[in-house]
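Asker: Protein chains in written order, with numbering that gives the first Met the number 0: chain A, 0 to 167; chain B, 0 to 283.
Please keep in mind that the hints were generated in silico from the structure rather than gathered at the bench.
Every value quoted in this text rests on a predicted model; they were computed, and no experiment measured them.
You may find that some hints are simply not true.
To spell it out: a stretch of chain B is covered by chain A in this simulated footprint if at least three of its residues, at any positions, have a beta carbon under 8 Å from a beta carbon of chain A; those stretches are [claimed, not checked]:
#1 82 to 95
#2 200 to 207
#3 217 to 227
#4 253 to 264
Sample of chain B residues with no beta-carbon within 10 Å of chain A, all distances over it, derived [stated by the list, open to error]:
#5 THR46
#6 LYS48
#7 LEU210
#8 GLY212
#9 GLN214
Covered stretches of chain A (in silico footprint by chain B; criterion: 3 or more residues with CB under 8 Å from a CB of chain B, positions within the stretch not fixed) [claimed, not checked]:
#10 46 to 52
#11 82 to 88
#12 125 to 132
For glycine and all other residues, C-beta sits at the position ideal for the given N, C-alpha and C.
As a plain string of letters, each chain reads:
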Amino acid sequence: MDADTKLEAGSANEPNRLKYSGRNFWSGFLFGLGMIAFIDEMVFHQLLRWHHFYDRSTMDVGLISDGLFHAFSWFATIGGLFMYADLRRRRAVWLTRWWGSVLLGAGIFQLYDGLIQHKVFRIHQIRYVENVIVYDIIWNTAAVIMILGGVYLLRRVQKSVKREEGRS
Amino acid sequence: MIVLNHSQPHGHSHSTAFFDVAGLGPQLILAFPFAVALVIYLFAAATVKKKGKSWQGYRVVLFTIGAGCALAAVIGPLAEWAHANFTVHMLGHLLLGMLAPLLMVLAAPVTLLLRAMPVKWGRRLTKVLKSLPARIVTDPAVASLLNIGGLWILYTTELYAAMHDDVLLHLFIHMHVFLAGYVFTASMISIDPMPHRTAYLYRAIVLVLALAGHQILSKFIYANPPAGVPRAEAEAGGQLMFYGGDAVDVFIIFMLCLQWYRAARPRGKMSQKTSAGQFTPAAD
Numbered sequence: 000m001d002a003d004t005k006l007e008a009g010s011a012n013e014p015n016r017l018k019y020s021g022r023n024f025w026s027g028f029l030f031g032l033g034m035i036a037f038i039d040e041m042v043f044h045q046l047l048r049w050h051h052f053y054d055r056s057t058m059d060v061g062l063i064s065d066g067l068f069h070a071f072s073w074f075a076t077i078g079g080l081f082m083y084a085d086l087r088r089r090r091a092v093w094l095t096r097w098w099g100s101v102l103l104g105a106g107i108f109q110l111y112d113g114l115i116q117h118k119v120f121r122i123h124q125i126r127y128v129e130n131v132i133v134y135d136i137i138w139n140t141a142a143v144i145m146i147l148g149g150v151y152l153l154r155r156v157q158k159s160v161k162r163e164e165g166r167s
Numbered sequence: 000m001i002v003l004n005h006s007q008p009h010g011h012s013h014s015t016a017f018f019d020v021a022g023l024g025p026q027l028i029l030a031f032p033f034a035v036a037l038v039i040y041l042f043a044a045a046t047v048k049k050k051g052k053s054w055q056g057y058r059v060v061l062f063t064i065g066a067g068c069a070l071a072a073v074i075g076p077l078a079e080w081a082h083a084n085f086t087v088h089m090l091g092h093l094l095l096g097m098l099a100p101l102l103m104v105l106a107a108p109v110t111l112l113l114r115a116m117p118v119k120w121g122r123r124l125t126k127v128l129k130s131l132p133a134r135i136v137t138d139p140a141v142a143s144l145l146n147i148g149g150l151w152i153l154y155t156t157e158l159y160a161a162m163h164d165d166v167l168l169h170l171f172i173h174m175h176v177f178l179a180g181y182v183f184t185a186s187m188i189s190i191d192p193m194p195h196r197t198a199y200l201y202r203a204i205v206l207v208l209a210l211a212g213h214q215i216l217s218k219f220i221y222a223n224p225p226a227g228v229p230r231a232e233a234e235a236g237g238q239l240m241f242y243g244g245d246a247v248d249v250f251i252i253f254m255l256c257l258q259w260y261r262a263a264r265p266r267g268k269m270s271q272k273t274s275a276g277q278f279t280p281a282a283d
């Protein structure tokens with residue numbers, strides 16, 4: 000029997016996914032972070048125009064943090080997808096792990112954006128209205144839900160790996 | 000020639016003498032190298048074809064459009080308008096410092112020259128490219144510092160205002176913006192032979208930092224207009240720099256990732272399987 004078809008913690012279609020489980024995680028994490036930053040830019044800056052390009056109360060460190068995250072997220076979106084393509088050609092895609100890390104990456108960035116960048120560094124507010132606190136709560140709750148969902152999926156994958164190992 | 004200018008210390012008045020900063024003289028001087036480069040490129044491509052070797056047509060198109068972008072930024076109505084309006088100046092900066100270099104790097108001019116030249120000349124060119132100064136300048140970190148660092152100095156000091164008074168400074172800065180942009184792009188995604196190729200991860204990290212430096216500067220300009228620039232123009236210029244930078248950088252990132260993807264392809268048994276089209280849908 001071909002060594003490639005040996006079942007290792009997973010599927011016959013993706014025989015190499017255990018070997019590349021780290022790359023699955025980082026591909027998803029980077030893509031999740033990049034995707035949420037892209038949605039932020041497109042929906043909240045461009046379409047709704049709630050976010051401002053620049054807010055006069057921005058701290059210097061906020062400007063730096065914003066620039067670094069913007070650049071990093073641009074790279075992460077593209078790099079994460081290329082890593083996914085690499086996993087596919089290696090027959091090493093692990094979709095549950097990938098989606099788990101997408102949610103984790105997206106949630107962590109959303110939370111960082113919502114708590115540190117919006118509130119501490121004051122790069123801009125979600126919307127320039129009186130009761131912005133409501134928007135903040137929804138924003139950060141959504142972030143926490145994504146993080147929890149990501150952690151749940153990633154833990155489920157870990158458990159299935161352990162079960163497989165116990166069986167063999 | 001340039002001494003003439005010093006008799007008119009206030010160059011940004013609208014008397015456009017020939018060697019005024021906004022006059023035709025500096026425009027012609029700046030346009031000359033790009034026109035020559037385009038002619039050499041087209042001539043080299045024709046020579047290569049005549050020799051019976053191949054050269055992709057799309058590269059000729061890329062170089063022509065690239066040189067066209069650079070020319071549009073340094074000569075003609077856009078170049079003249081850029082003296083009076085910061086937003087237009089920024090459009091020129093995007094064309095000269097980002098888009099033209101990207102298109103010209105993708106046109107692989109050094110590879111073309113090496114194919115078109117006699118071998119003896121080619122060896123000399125390779126020697127120059129392998130020299131220590133070339134190695135230092137084409138390191139991604141050095142190239143990024145020259146490129147983005149130069150922009151920070153230009154827009155956060157008196158230099159931007161001084162550039163509009165001094166022809167020499169004007170010429171130097173414009174050539175620097177193009178050359179630094181070219182070397183920067185080449186250090187990241189060159190198809191041409193490079194003195195030394197650096198690791199993909201190193202290039203990726205430096206690229207992110209350089210991109211961040213560019214985007215931070217564009218918001219800084221939005222908030223702190225350079226001396227003599229009206230607030231509305233600085234705000235529009237800053238946003239143009241930000242989003243224009245994003246648009247060009249997305250291609251640099253894409254090309255860098257694509258080169259990694261090709262270099263990191265699995266070899267041996269796996270790759271044979273892949274090429275035989277045995278992909279199966281991903282399943283959990």
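Asker: If a hint holds in the structure, say so; if it doesn't, say that too.
Answerer: Consistency of the hints with the structure:
Note: the stretch 82 to 95 of chain B has 0 residues with beta-carbon separation from chain A under 8 Å; the three-residue rule is not met and the coverage is violated. Counting residues of the stretch 200 to 207 of chain B whose C-beta lies closer than 8 Å to any C-beta of chain A gives 3; at least three are required, and the coverage claim holds. A stretch counts as covered by a chain when three or more of its residues have a beta carbon under 8 Å from one of that chain; for the stretch 217 to 227 of chain B and chain A the count is 4, and the coverage holds. Residues of the stretch 253 to 264 of chain B with a Cβ under 8 Å from some Cβ of chain A number 7, which satisfies the need for three, so the listed coverage holds.
Look at THR46 of chain B: its CB is around 37 Å from the nearest CB on chain A, clear of 10 Å, so calling it non-interface holds up. No Cβ of chain A comes within 10 Å of the Cβ of LYS48 of chain B; the nearest lies about 34 Å off, and the non-interface call holds. For LEU210 of chain B, the non-interface assignment is contradicted: its Cβ lies about 4 Å from the closest Cβ of chain A, within the 10 Å cut-off. Non-interface status of GLY212 of chain B relative to chain A is broken: a Cβ of that chain comes within 10 Å, the nearest being about 7 Å off.
Not every CB of chain A lies more than 10 Å from the CB of GLN214 of chain B, the least distance being 4 Å, so the non-interface label is violated. Counting residues of the stretch 46 to 52 of chain A whose CB falls under 8 Å from any CB of chain B gives 1; the rule of at least 3 is not met. Coverage of the stretch 82 to 88 of chain A by chain B holds in this model, with 4 residues showing a Cβ closer than 8 Å to a Cβ of that chain against a need of three. Three residues within the 8 Å Cβ limit are the bar, and the stretch 125 to 132 of chain A against chain B gives 0, so the coverage statement is violated.
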